[in-house]
Amino acid sequence: MLRMLGLLLLTLGTGLAAVYGAWLPGTDRADHRARMAAEAHAAMRTVVAKNVVKVVAHAAPAQSRPAQSTPALARLDRLAALPAPAAPLGPDGKTLGPPRGGDAVSLWAEEAGVPFGLGVLLVIIGVVLARRGMHTEAIAAQARSASTGAAPGPLLARLVQELDTLCARYGGARADIDAIGGIDANGGIDANGDIDMDAVRADVERLQQEVVNPLVEGRDQISQEFGVGAYADIFVPFSAAERQLNRVWSACVDGYIDEIHPCLQRAQVSALQAHEAFGAARSSQSS
Amino acid sequence: MADPIRGPYRELTTAALILGILQGVVMTAAFVYIGLKLGFGLSGSTVAAIMGFVLLRGVMGKGTLVENNLNQTIASGINTASAGVVFTLPALLLMSVKRPELGDFALGPMVLAAIAGSFMGIVVIIPLRKQFIELDRLRFPSGIAVASILKSPGEGAAKARLLMGGSALAGVGTILVNVGVIPAAIDLNAWFGVPIWLPMAISVSFANLGAGLLSGRGGMPFFLGGALAWWVISPVITHSGWLPTPVNAPSQAAIWAQQASTMYGEMIRPLGIGMLIGGALAGVVASYPALKAAIRSLSAAAKSGAAGGGAEELSPKVLYLGLAGSVVALFCASLLSDPGITVGTALVMAGAGTLWLGLAGLIVAQATGATDISPLSGLALIAVTLLFAITGGNIVSSILIGLTICVASNQCADMMGDLKTGHLVGSKPRVQQVAQLAVAWVGPLVAIAVMFLLWRQGGALGGFGPQSQACLDATPGCLPAPQAGALQAMVESLESGKAPLDKYAAGAVLGGALSAFPIGGLGVLVGLAMYLPFDITFGYGIGCLITMGLQRGKGANWIGDRVVPVAAGFIIGEALTNLTWAMLQMAGVVGTGGV
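Protein chains in written order, with numbering that gives the first Met the number 0: chain C, 0 to 286; chain F, 0 to 594.
I should point out that these hints are in silico values taken from the structure, not numbers from a laboratory.
A virtual CB, placed ideally from N, CA and C, is assigned to each residue, including glycine.
Hints may be right or wrong, so weigh each one.
As the list claims (entries may be wrong) - Heads up, incomplete: computed chain F residues facing chain C, CB under 7 Å, no partners named:
| hint | residue |
| --- | --- |
| 1 | ILE4 |
| 2 | TYR8 |
| 3 | ILE267 |
| 4 | LEU270 |
| 5 | PRO288 |
| 6 | HIS422 |
| 7 | LEU423 |
| 8 | VAL424 |
Make a model of the complete structure from these sequences and hints.
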């Protein structure tokens with residue numbers, strides 16, 4: 000409710016401020032009118048001149064009708080009789096042009112400053128209300144999702160846990176297999192003792208879909224609940240873990256087996272840092 | 000399962016380096032020509048990723064996903080300088096046709112400034128990578144598209160088919176648009192007789208739609224910003240009688256068309272530019288705790304990596320040293336750019352240029368991260384305006400800093416996209432950044448050399464621009480240099496004192512207020528929506544809405560499995576088709592207006 004009210008005020012304020020922000024002060028308009036008049040005058044001359052060329056070209060071979068009788072030449076006569084548009088004059092009798100530099104700003108502020116300022120004020124009130132509303136909603140959403148395990152905290156914990164498992168499966172297990180000569184298949188280890196990269200890729204894709212993507216989708220909850228600084232402390236290491244997982248995926252596609260375990264380990268360390276930062280943010284909030 | 004390979008994972012290899020540099024140099028030369036001919040820049044990441052796929056993995060048979068990411072990072076890191084150079088430096092040459100004194104500028108400082116910009120763009124990204132990729136989780140649609148190419152060997156046949164299908168559909172659609180069978184925009188205003196002050200046209204761009212599809216809910220602030228500007232503010236302004244009425248307009252529709260042009264060019268767009276600035280500034284303040292934490296983690300990662308022998312992040316020392324070096328280089332370039340520049344002015348120029356670059360880097364990173372669109376010309380415009388004021392109207396020195404900002408901003412956008420790709424395939428950010436730093440000087444050198452080569456071959460009137468002989472004769476070799484022409488017009492309007500400072504100031508205040516909202520970069524996104532024509536924002540917004548609808552019905556995993564590959568295919572297909580089309584145009588096989 001508070002958020003909607005904030006958004007409404009923000010929209011109204013933006014509209015009002017933008018309309019008056021775009022305001023053309025009186026002198027600008029006068030300058031425009033003079034310029035438009037000059038342009039129209041020039042355009043009319045061009046049109047008539049073109050018509051004259053056409054008429055002369057058309058009439059010359061026939062030699063049968065006087066050029067003066069054509070509508071185009073009559074328009075040319077009328078045009079010649081028109082006075083050239085005069086530039087508007089200022090109070091001091093000098094020609095007005097558009098205001099320059101600081102004059103332009105002060106002139107605009109004089110004519111449109113009050114409604115513009117009102118619009119900006121509405122925007123600011125709207126922003127404050129929307130921020131409060133979003134903060135309240137984020138805390139409520141956090142409480143709701145905590146029970147389903149879809150809240151950022153449980154998701155980060157699951158990321159750490161799953162990466163521990165993957166590191167053990169594809170790193171620790173690999174060392175064992177190397178030690179015994181690579182004769183057994185155990186989870187992601189194939190019969191030759193090499194990591195089954197299709198299995199790793201499948202695990203990484205599952206982790207991305209079930210944990211990483213929901214965390215990214217729910218990131219606003221973290222920033223609303225703990226603030227921008229704490230959000231950065233959590234999401235910078237989380238993003239590093241995410242990038243390492245992406246690298247594992249690429250290495251699997253390319254078949255670079257030795258890249259997999261170090262990347263998983265780096266992802267594990269970064270995920271742990273993110274989880275710890277989340278815990279720190281939570282405890283500093285409760286204290 | 001792939002046969003297991005023993006040994007270290009191939010990442011930054013000689014093959015990736017050589018292939019990346021070769022591709023980068025060739026694409027830089029080609030993109031300079033395309034930029035001067037057609038007026039837009041192209042991204043080389045997609046092409047480089049596909050070439051890397053074919054050569055490293057296909058021909059050599061041992062390329063890895065992260066190695067190809069490095070190849071593509073190096074190639075695009077070089078060619079990205081082309082847009083920065085083409086959008087700025089040629090303006091000086093175009094102006095020199097009528098004012099020969101402007102053509103006598105020293106080339107050395109320009110080259111130094113462009114190279115400094117190239118390095119600065121990468122250095123600024125070091126802390127921003129954590130902020131925008133890891134914390135704000137911006138999508139960087141092109142980065143995802145390139146990652147889709149790199150990951151295709153492991154993604155399975157179904158995803159590969161969707162990627163190819165999306166690419167093919169976008170390719171065919173883009174060709175049909177280019178030959179004129181499909182209009183470039185679906186003009187709902189004309190279909191339903193809606194007046195132009197309520198714009199309803201939708202840009203027919205598969206890449207734009209793809210970017211929206213990839214962004215989903217996260218892209219909605221951008222779309223809503225556009226809707227607010229054009230469906231609320233525009234009708235209010237039109238019906239309040241605030242707009243000057245054109246003289247002698249033949250019809251009410253013509254009056255509205257003229258008024259809509261005034262409203263966009265002189266009211267909403269400058270306001271949008273101001274919002275970009277204010278939004279980025281306030282964004283720094285709002286995300287200061289996160290930025291601080293990001294830099295702290297960089298230090299920790301560098302220390303632990305150094306202890307363990309394998310740092311994955313560049314140390315913040317590189318950031319500080321790089322910034323200091325860039326300020327010194329900019330100071331030297333500024334001082335040498337014109338005899339009229341004093342030491343004090345050069346110091347202020349270097350300081351202001353560096354500060355603005357930091358802000359421009361933030362804006363570009365946020366804008367490309369959310370929408371794949373970089374407001375490059377707007378940033379160059381502000382840089383030139385700022386420096387014009389600082390130097391008291393020195394055009395050469397102002398364009399020098401504009402060049403630095405443009406090269407640096409493009410480098411930021413490119414590096415961010417490549418780092419996003421790297422995050423998705425698991426590359427080490429430090430290796431990517433070191434590779435890009437190692438070749439950062441190549442792009443500006445090649446781009447400036449090619450540009451001067453093209454200019455010199457045109458004789459007294461120059462080799463490009465509307466006044467060049469080729470364009471006067473309307474020969475196929477005409478290079479109109481539209482972006483440089485736009486900057487030239489802007490500089491000339493600055494000389495007559497017409498910078499809309501009031502709109503910039505108002506926009507900055509509003510953008511700053513919006514950025515306090517807890518959606519990252521709201522001020523920048525709404526500002527970007529006002530800065531761009533609405534047909535682009537509308538097409539992008541439709542993509543966002545489709546993804547939101549599908550996500551509600553089918554779930555997030557379905558989006559990842561089905562929508563992401565198709566959307567990535569849209570971006571890849573349009574990019575490749577437009578690149579091929581531009582090459583065909585240059586070869587004279589197809590005309591600029593169709594076949």
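Checked hints:
Taken as an interface hint, ILE4(F) checks out: its beta carbon lies about 5 Å from the nearest beta carbon of chain C, inside 7 Å. Hint on TYR8(F) holds. Least Cβ distance to chain C is approximately 4 Å, under the 7 Å limit. The criterion of a C-beta within 7 Å of any C-beta in chain C is met by ILE267(F), whose closest approach is roughly 6 Å, and the hint holds. Residue-level restraint check for LEU270(F) holds (minimum Cβ-Cβ distance to chain C is 5 Å; threshold 7 Å).
Interface restraint check: PRO288(F) against chain C, minimum CB-CB distance 3 Å, threshold 7 Å, status holds. Because the beta carbon of HIS422(F) sits about 5 Å from the nearest beta carbon in chain C, less than 7 Å, this interface hint is met. The interface hint given for LEU423(F) is met, as the beta carbon of that residue sits about 6 Å from the closest beta carbon of chain C, less than 7 Å. Interface hint at VAL424(F): satisfied, since its Cβ lies 5 Å from the closest Cβ of chain C, which is below the 7 Å cut-off.
In summary, the structure agrees with every hint in the numbered list given earlier.
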